[in-house]
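*Asks:* Below are the chains, spelled out letter by letter.
Number of protein chains: 2
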Amino acid sequence: MKNNIDYSLYLVTDREVIGNRNIISCVEEALIGGVTIVQIREKNTSTKNFYNIAIKIKEVTDKYKVPLIINDRLDIALAINADGLHVGQSDMPTEVVRQLLGPDKILGVSAATMEEALKAQRDGADYIGVGAVFPTSNKNDARIVSLDLLRNIKKEVKIPVVAIGGINQRNIVKAMETGVDGVAVISAILSKENIADAARNLKKKWQPYHL
Amino acid sequence: MKNNIDYSLYLVTDREVIGNRNIISCVEEALIGGVTIVQIREKNTSTKNFYNIAIKIKEVTDKYKVPLIINDRLDIALAINADGLHVGQSDMPTEVVRQLLGPDKILGVSAATMEEALKAQRDGADYIGVGAVFPTSNKNDARIVSLDLLRNIKKEVKIPVVAIGGINQRNIVKAMETGVDGVAVISAILSKENIADAARNLKKKWQPYHL
Ligand code: NI
Chain A
1 MKNNIDYSLY LVTDREVIGN RNIISCVEEA LIGGVTIVQI REKNTSTKNF
51 YNIAIKIKEV TDKYKVPLII NDRLDIALAI NADGLHVGQS DMPTEVVRQL
101 LGPDKILGVS AATMEEALKA QRDGADYIGV GAVFPTSNKN DARIVSLDLL
151 RNIKKEVKIP VVAIGGINQR NIVKAMETGV DGVAVISAIL SKENIADAAR
201 NLKKKWQPYH L
Chain G
1 MKNNIDYSLY LVTDREVIGN RNIISCVEEA LIGGVTIVQI REKNTSTKNF
51 YNIAIKIKEV TDKYKVPLII NDRLDIALAI NADGLHVGQS DMPTEVVRQL
101 LGPDKILGVS AATMEEALKA QRDGADYIGV GAVFPTSNKN DARIVSLDLL
151 RNIKKEVKIP VVAIGGINQR NIVKAMETGV DGVAVISAIL SKENIADAAR
201 NLKKKWQPYH L
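Chains A and G, in that order, are what the protein sequence lines are. Quick note, the first sequence lines up with residues 1 to 211 if you use UniProt numbering. Quick note, the second sequence lines up with residues 1 to 211 if you use UniProt numbering.
Rather than coming from a laboratory, the hints here were simulated on the basis of the structure. Any given hint could be a false lead.
Same chains, same label: a pair holds when it works inside one copy or across any pair of copies.
[As the list claims (entries may be wrong)] Derived DSSO-like pairs (lysine-lysine); straight-line CA-CA distance at most 30 Å: (1) Lys43 x Lys56; (2) Lys2 x Lys48; (3) Lys155 x Lys203; (4) Lys56 x Lys119; (5) Lys2 x Lys58; (6) Lys48 x Lys158; (7) Lys48 x Lys154; (8) Lys119 x Lys48; (9) Lys58 x Lys43.
With the hints as constraints, model all of the structure from the sequences given.
*Replies:* Right under this line is the structure:
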């Protein structure tokens, strides 16, 4: 599973943007629309609730044979046997997480500078998420990464690079032109009325750039 | 380590009650005063910060040869090789946690009813924390457990029972008279100016009840 991961259309969840819809159904619609990997991000909820949501989403991602990544919480990743974990700069240190997660799980690390990107690679990351490439309201603490820096990071690191932050239908081409392996999207899919179509349309824009 | 744990004076941390003092020093003072086991409870902080605090407290509890328990977060417990984990009713299910934690680590479970207490025992808990036995401002969602129910739970379950919730110098004897194996304390130690003395004075009150 771990090799040849398709990072091209990377969905990150956020229950705050889906209104009163069910997150499990929303993720399934996004899978129908063609997202290639899913990350569950839950902040400010109980461990029990996170665990229950993650177990249900895992059933759906397994059905569509798409890898499921857990944001921040190694305990949840282990408990539901997720395909991987994604950590940010305010989460557990990458090398500690890699040791607990084992060599076979996907480990992603957020980076906003060249230094963070190279350190993540050194410390055992399988891919890095670089952003925010465009201004975003999803993550209050997001630092902005220029498209030039994104391009340079992609040139320097050997592991896959996923661009994240404010990516939508209008700017996705700019992000992809930097040569990244994928783009991570939240609102541009999950806030839409027709989630499957939103994913499909992003995927269409992305096709010409896919090697 | 796991057998013959001394639960008698069980310190639960809360950085909100220590003012501008350092949590590591406060825990060390409590250990000097005689607390027999320490649980780190952190809510609303980053994983990285929780991890950093826990690593430093582990050095101190190791120095005093006192077990260190992590509240809720199995990831932190595994990462710092804590002596155990304590889960509440809104955390990960007990049997899931036991499997990930392994048989050798201490697993504590919060219970506020006889049913929860018996289920915790069945699901693999090593001890239960029962409360809140007195009204408390530390945990907003705390349900009240009468001293009669506490006494009955202690009679019914075979694993150690620790009373928690609003226990202080004035009411500690009432809690101990129920036959519990220990009392858990937050503010009655950590909010005091002289933390070591506060722990010592609680321990003195507790001596006549110690088997
Ligand atoms: Ni003893």
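*Asks:* All the hints need checking, so say for each whether the structure fits it.
*Replies:* Now the hints, each set against the structure:
{"no.": "1", "hint": "Lys43 x Lys56", "verdict": "both (17 Å within a copy, 25 Å between copies)"}
{"no.": "2", "hint": "Lys2 x Lys48", "verdict": "both (27 Å within a copy, 26 Å between copies)"}
{"no.": "3", "hint": "Lys155 x Lys203", "verdict": "within (23 Å within a copy, 63 Å between copies)"}
{"no.": "4", "hint": "Lys56 x Lys119", "verdict": "between (34 Å within a copy, 24 Å between copies)"}
{"no.": "5", "hint": "Lys2 x Lys58", "verdict": "within (16 Å within a copy, 34 Å between copies)"}
{"no.": "6", "hint": "Lys48 x Lys158", "verdict": "between (37 Å within a copy, 26 Å between copies)"}
{"no.": "7", "hint": "Lys48 x Lys154", "verdict": "between (37 Å within a copy, 26 Å between copies)"}
{"no.": "8", "hint": "Lys119 x Lys48", "verdict": "between (33 Å within a copy, 16 Å between copies)"}
{"no.": "9", "hint": "Lys58 x Lys43", "verdict": "both (18 Å within a copy, 26 Å between copies)"}
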